[in-house]
Amino acid sequence: MDYGRSERPTGAAPLPTAIKVLIAGGFGVGKTTMVGAVSETRPLRTEEVLTETGIGIDDLSGIEEKSTTTVAMDFGRITISDDLVLYLFGTPGQDRFWFVWDELALGALGAVVLADTRRLADCFPSIDYFEGRGTPFVVAVNCFEGARQFRLDEVQAALDLDPGVPVVLCDARKRESAKEVLITLLEHAMKLREARRRAAED
Amino acid sequence: MTGRGDSAEQEWVDDHAGPVVRPYAVTGGRARPVTGTFDLISLVTSTRTDVGSESGLGPEHVAIVGLCQRILSVAEIAAHLDLPVGTVRVLLGDLAARSLVQVREPRATTAGLPDEHVFEAVINGLRAL
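Residue numbers (numbering that gives the first Met the number 0), protein chains in the order written: chain A, 0 to 201; chain B, 0 to 128.
Bear in mind the hints are in silico, worked out from the structure with no lab data behind them.
Positions of the beta carbon are idealized from the N, C-alpha and C atoms, including for glycine.
Honestly, I wouldn't trust all of these hints.
Said to hold, decoys possible - One-sided and incomplete, this derived list gives chain A residues near chain B with beta-carbon spacing under 8 Å:
id : residue
1  : 44
2  : 84
3  : 186
The task is simple: from the sequences and hints, build the whole structure.
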């Protein structure tokens, strides 16, 4: 036996399961602010480096001169329990990074689409994306100071949302408010899941 | 590094030069891990507390083993090491091939939405924050 190695004791607790929720919306709408408000640490930033030659490359030697693009994603973590960890990912803003969204959306419980009533159109691409994928989402109107207050039904109509999609007001800076938005999303996603399960049985 | 090398570096590297170490330099040019897929939220934990005696590991490998004494996601490892996720995936593949890390793939990457009890656990967990 090799006592020089420091093995972890066998029978250690199994690793927890990770789940994720996406925070989407236009540039400057408060995605990272919301991630930070509800996460247990300050938001972290991770980067994907994309080469011009794209996906499917196995060896980059010899193509060092190809241009690269960096896509940054801000994210945070909430430890729910010993066996469940929730990650919140702010989606990269530029529409040309849809394939990064595909990776992020895979397996996500749902998405929060943050909206600013002064620039409502900025969240259209996010809504289109999640509608197209069938990802459960809610729209959270971030209440910026100085913005005209809209009624939620006005926002719902302006965004042409399905009646079942929750629209809520929030303050992305406030922990309690961000928590409420996430709870609304998860309750909505749970309902959708149940409805889909029933539809599949019929 | 010699003093001469330092001065050469100062001459060439300015604000417009971009990263000095190209993203895949630490992987020897490899863009794909030897094993595993490593989702952004795959959770990783080291199986050992010390890998100093292992040959063939770079400082980044050793740093990952050090970080993963507590359970971290691939995204967190990348953020803490300030390396691109693709680079970290390759390094994790090396470590997984030597059984130096244990990896838990996330729930429901392909199977759609998870069970009701997962939603309930998350909702209750958020309420308790």
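Here is how each hint holds up against the structure:
no. : hint : in the structure
1   : 44   : holds, 6 Å
2   : 84   : holds, 7 Å
3   : 186  : holds, 7 Å
Violated hints for the displayed structure: none, as all numbered hints are satisfied.
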